[in-house]
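K.L.:
One-letter residues, chain by chain:
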Amino acid sequence: MSTPNRKRLVAGAASAVLAGTLALQSPAVADPGDSTDVEVTVDIEEIREPGVLALSIAADSVALSEDGSTLLVRQFVGTLPTVTVSDTRTPEEVPDGAAWAVLGSATDFVGAAGQAPISAGHLGWKPKLLDGGETGQVTEGEEVVTVVDEPTQPGNNVGLVDQELLVSTFDSEAVAGNSYSVNADLYLRTPADVAAGSYASTLTLSLFE
Amino acid sequence: MIRTSPRAPLRLLAVLAAVLVTVPIAPVGAVAEPTTPTLTWAVQPANQNGPDGRRWIEPTLDPGQVVTEHLAVRNFSDGIVVFSLKAADGYLTDKGRFNMLPSHQTSVDGGTWIKVQQKVTVGAKATKVVPFTITAPSGATPGDHPAGIAATVTSTGGTVAVESRVGFRVMTRVTGTVTAALAVSDLTATYRQSWNPFSPGTLRLRYGSTNAGNVAVTGTGQATVAGPFGLATRDARVEVAETLPDGGREVDTRVTGIWALGRLHTTVEVTPAVLGGGPAGVETRPGSAAVTVWALPWPQLALVTILVALVLAVRTVVRRRRQRLAKLLARARDEGREEGRESALVGSPAKESAN
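Heads up: the sequence lines are chains A and B, in that order. The C-terminal position of the first sequence is numbered 209 in my numbering, with every residue numbered one higher than the one before it. The C-terminal position of the second sequence is numbered 355 in my numbering, with every residue numbered one higher than the one before it.
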């Protein structure tokens, strides 16, 4: 919660202690018999690092568990670990026209025992903006449903085969200096006659500007 | 040296502080505190000393030339992290988002020109600068060869492993003749009527715009809609967002204020522009397409029909009324005549009888 504050406090305390120690260890300067006063001045500039565009991921993997299966479709659901985009730049540091986005695409689900793979088109997601700030200029991506579903938006029943938006802004400058978090409901929907066994897929999330 | 020296004692202080204060006061708490699993990192273009403020790397190379560049991997997490470093071909999605090919797809162009060490270990709250080379093959074609470079972490286990990447663009341009070309294809026009017959409708134009040149371009141009004999011509400005070579965009524009005059001839012309001006001697090839649609003035026809019907109805009603009046008059006249004759007939025997 207040780790940076605490650290600053601690560092301050430590430097005070050290300063005290240093003062005690320099009797030559403190010698009252020395009549020459040497004035030492120093200007310490504030260290100002340029800001960055950073990605955070709660590094849990996603386990999908069966939930909501019907006679025709088996459904496995899970939640994408929370993804946070932090932009610590000042608006002046952001190039004009810059825009960042986190895109996601999945590989086919490959069976561990040589079963036929389940194509990435069977994996859908619904991104959920958890913290979008106050500008309204950071938005979550649209829902993508799977190839076994009816489209909920024109043509969105394709699955995560291609690059799909998780979260994005069209104007980095307007949203700089804040952080934004998002997760997503994931669902794998397969025909009921899919071969049993364990499968694995890799979901790639990419932050570029 | 100058930049790092004032910070080294600061860092030492922080470490000392942590040792001096946290250990005696809360030794158990410090040990038992779970490390947060959240990883935070950033990747920036750099020189040997650290991030140099560039947004991305845009080298211009002759075929066969090699340059060494650097990337800074900055770990903001509480623990040491081993990142995989990857480079791949870059592209723009249909919504204009830059991405590079995922690990399971093979790069064939700019992505294969980048050589970087496979892994880098970065301490907690630390930055590591890693060199990488970009080699333009001797047979490289002139123009842009977009790629990306990224630091990646992969969480395994579970059904879905998550590979997360943060990176920046490496837009290598190979010297030679630069061609800026945009092609316009599959132009369709749909006329949308306004239901108010006194206001014009809208023409929705959809087309594909493809970068047929060898450099990244944006496009500006004009859509022109003309009625029969060039009547009621309307223009609208069209824009095509940044497109990489071989990349395409779907463009959707609306031209307002179009009256439905029957045959509407529509042309779209787009002129490409190299981002940032480009080098001298750019060969520019604009693209254009034309389509004709029919727009029939249904609301106006409906209005005319209603008016005609009203006029006819009024005329019919008036005529009927006139006819009825005439008929009534005629009947009244007939009746009058009849009455007169009857009264004459009745009258004469009476006269006779009276006689």
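None of these hints come from the bench; they were simulated from the model. From a predicted model like this one, the values you see are computed outputs, not experimental measurements. Glycine included, C-beta positions come from ideal geometry on N, C-alpha and C. Wrong hints could be hidden among the right ones.
To spell it out: a stretch of chain A is covered by chain B in this simulated footprint if at least three of its residues, at any positions, have a beta carbon under 8 Å from a beta carbon of chain B; those stretches are [said to hold, decoys possible]: (1) 62-74; (2) 86-98; (3) 111-117; (4) 130-138; (5) 142-149; (6) 172-179.
Calculated lysine-lysine pairs in the BS3-like style (CA-CA distance at most 25 Å, straight line) [unchecked claim]: (7) A/K126 to B/K115; (8) B/K95 to B/K115; (9) A/K128 to B/K95.
K.L.:
Determine for every hint whether it applies to the structure shown.
P.N.:
Going through the hints against the structure:
1. By the rule of at least three residues with a Cβ nearer than 8 Å to a Cβ of chain B, the coverage given for the stretch 62-74 of chain A holds, with 3 such residues.
2. Closer than 8 Å: that is the beta-carbon criterion, and the stretch 86-98 of chain A has 3 residues meeting it against chain B, so the requirement of 3 holds.
3. Counting residues of the stretch 111-117 of chain A whose CB lies closer than 8 Å to any CB of chain B gives 0, which falls below the minimum of 3, so the coverage claim is violated.
4. As drawn, the stretch 130-138 of chain A meets chain B at 0 residues by the rule of a beta-carbon pair under 8 Å; below three, the given contact is violated.
5. For the stretch 142-149 of chain A, the assignment as covered by chain B is violated, since 0 residues bring a beta-carbon within under 8 Å of that chain's beta-carbons and 3 are needed.
6. For a cut-off of 8 Å, the count of residues in the stretch 172-179 of chain A with a CB near a CB of chain B stands at 0, and the three-residue condition is violated.
7. Of the pairs offered as hints, the one joining A/K126 and B/K115 is violated, with about 36 Å between alpha carbons and a cut-off of 25 Å exceeded.
8. For the given pair, B/K95 sits about 29 Å from B/K115 by alpha-carbon distance, which is inconsistent with the 25 Å threshold.
9. This hinted pair checks out: A/K128 and B/K95 have alpha carbons roughly 20 Å apart, not beyond 25 Å.
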